[in-house]
Amino acid sequence: MPSQIEGSQAVARAVTLCRPQVIAAYPISPQTHIVESLSDRVRTGELAGCEYLMVESEFGAMSACIGASAAGARSYTATSSQGLLFMAEALFNASGLGLPVVMTVANRAIGAPINIWNDHSDSMAMRDSGWVQLYAESNQEAVDLHAQAFRLAETLSVPVMVCMDGFVLTHAFEQVELPSQEQVDDFLCPFVPQQALDPDDPVTIGAMVGPEAFAEVKYLMHAKQVAALDEVPRVAHAFRESFGRPSGGLLKPYRLEDADTVVVTLGSTLGTVEEVVDGLRDDGLRVGALGITCFRPWPLTEVREALGRAARVVVVERAFAVGAGGIVGQNTRDALRGLPAQVYDVVAGLGGRPITRAGVRSLVDDVLGDRLDPTRLHFHDLDHALVQRELERSRHGARPGPHAEHMLRALGTVASGVHDGAPG
Amino acid sequence: MAFQQLKLYQTGTFVAGNRLLDPEQRTVQARTGRSNSLTSGHRACRGCGEALGARYVLDAAMRATDGQLVAVNSTGCLEVFSTPYPESSWQLPWLHSLFGNGPAVASGVAAALRAQGRDHIRVIGQAGDGGTVDIGFGALSGMFERNDDVLFVCYDNEGYMNTGVQRSGATPPAARTANTKALGPEPGNAFGQGKFVPLIAMAHEIPYVATATVADLHDLEHKVETAMRFRGARYLHVFVPCPLGWGAASEDTVKLARLAKESGLFPVLEAEHGELTDVSPIRRQVPVEEYLRPQKRYAHLFGDPGRPDVVARLQARADRTIARFGLLPEGED
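Protein chains in written order, with numbering that gives the first Met the number 0: chain A, 0 to 423; chain B, 0 to 332.
So here's chain A without its partners, still in its complex pose (with noise of 0.2 angstroms):
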């Protein structure tokens, strides 16, 4: 029966059945809500035989998660933003020792300036730790991603994190079809761990290792990211037959036959542009959507099989590489290589900046009218003016002073609705 649920109790429910043994997890917004329900559910014994611990930082609950693990209990913790980055030296030591952690982050914006709305900077910054990585595109989606990341994790001995966008879904009451228990004991075997921390069978976990063998233990962990190219599919296909929904997989491709133009995004932005692909389509425009689920792996064949066909592919996405340009853009350009389709780097939702239906329908306006330079990367809804205003006052004086606050104080205060209004 579908329950009306905020999403992050979702997601601390759907945590629970997968029956976690060690949660170590520090508070950070917007994934607070999840921890809180996770300690209250083990305060209460509804998840029984679990182990809370509440850790001094972020960089804690990885390492802790990472000592669970090695021990052979089902670890699980989750972040945001600056907690993740803080969590990045361990997170290459989970992967790197083949770990298979899940983790959920709340995707948020990374400062300065200091920000906790959402978007993609944090989980893209870590793309390479070795992690692979899920992207919910709706409530339902992220409490399914759970139990496929378990599943995918522990047959892989890889650590998963499900990316999920903060307060967009994280703080959202959606109707979301919750599992039972029964469901998911089925679908989850017990976690046997490839390596454990045994005094009846003694091993060497995490030995220094020299020029003689480290390129072949990395190919290795790059050989079980190719081998979660297939794993990924196979346990959404496992999952669809158990729960009879479709969830997960590798790339979610929309009204693709025949499309020219297609907008390429990851998250609860895929759910707006399939809208806008509706309209465009009622107009009798032939525009598509692909929504990346899986973006590490990275899905290159896959990608260049859906996007093949199309003329113009735009990149939308919610972080990007300062000073180069998109990710998601670069990775896709990469899987289009000798190709003749277009692709436009759009960087778009910084920092909790609504994506709207009207905002990509005037996008899409621009690519189909030749308007997008695709050379270049485009920041969709960047108040030039403001820019323009900055970057005038910063070229007098010697110490022009910090930017943030400057551009804040030009724009009024902004819950009164008086902009520009302020002395500059």
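Keep in mind that the hints were calculated from the coordinates and are not lab data. Treat each hint with caution, since some may be false.
Claimed, not checked - One-sided and incomplete, this derived list gives chain B residues near chain A with beta-carbon spacing under 7 angstroms:
1. Gln28
2. Ala63
3. Trp89
4. Val108
Said to hold, decoys possible - Sample of chain B residues lacking proximity to chain A, with all beta carbon distances greater than 10 angstroms (derived):
5. Lys180
6. Pro186
7. Arg230
8. Thr276
Note that this is a predicted model, so its numbers are computed, not measured. Where a beta carbon is used, it is the ideal one built from N, C-alpha and C, also for glycine.
With chain A's structure known, arrange chain B on it following the hints.
Relative to the frame of chain A, chain B by itself:
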């Protein structure tokens, strides 16, 4: 195991040699049944105090837990010299993750064992002073305040020896390191800095805190056994001279550890739940100079013209430690 003839000796420093003791009181190292958790063949330097300390700590802990022990190791000399791929000197389950997270990893292992109903298996975390008092300090404090069932052992050789002998928060004043060279008007490490983590551990009111040196290995083993009788967070800070980093002769490791204690510079103590319960008294007090002179890291204090003023400040530091912890029996100070 083949019978191995043990070399027994009397140290002349009031430390009892094994042959004076009943077999049951002899060190774990003196027994043929010892576990050799850190076995031979590793790449530690000759005279390494840390290797000596770790060997005693782990074998004593193995004996205390009947072999039901897991070790977590922070990055550092001990990790590097014991596991050059594909070899390993560890004969117990052993996990190395990172430099700054040893205590948190150990907490995770302990939590997993509890969740699995296997908490008869005990967890020991180990790191050098850098991994304990500096980069791992947040994780250590977190492990303490949660009272996780971990014995964390710091092998304190007073600097970052693995990276080439740089200063740590446990480096003593005036000591020369690679980034506190004997240059300028105040040669060596600065006075008025550094921290003594055993006291900070005590402030967490954890069940057991102790210090020890590799000069008194009976005492070290005793403290490990005592620590293993407690559940919850425990901390053992072991003073381990580093011949390479200190510029000392490799055969002087035990002697220097003894002089550190006997000069009053390093207090050997025990505490339970935040209260000091015992100190090892100085048996034959020596001036700090006797401890400092054999070490090249203090050579700038004894050259020509030398720095008697700095030596005097170090003596004052030892005197303060002696007074603070009551290290000299009544009437002798």
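Here's how the hints hold up against the structure:
For glutamine 28(B), the shortest C-beta to C-beta distance to chain A is roughly 20 angstroms, which exceeds 7 angstroms, and the interface hint is violated. Interface hint status for alanine 63(B): violated, as the beta-carbon distance to the closest one in chain A is roughly 13 angstroms, over 7 angstroms. A hinted interface residue such as tryptophan 89(B) counts as satisfied when its beta carbon comes closer than 7 angstroms to some beta carbon of chain A; here the least separation is about 5 angstroms, so the hint holds. Checking valine 108(B) against chain A by beta carbon gives a least distance of about 4 angstroms; that is within 7 angstroms, so the hint holds.
Every C-beta of chain A lies more than 10 angstroms from that of lysine 180(B), the closest at about 29 angstroms, which supports listing it as non-interface. Look at proline 186(B): its CB is around 35 angstroms from the nearest CB on chain A, clear of 10 angstroms, so calling it non-interface holds up. Once the 10 angstroms rule is applied to beta carbons, arginine 230(B) is consistent with being away from chain A; the minimum gap is 15 angstroms. The beta carbon of threonine 276(B) is kept farther than 10 angstroms from every beta carbon of chain A, the shortest such distance being approximately 27 angstroms.
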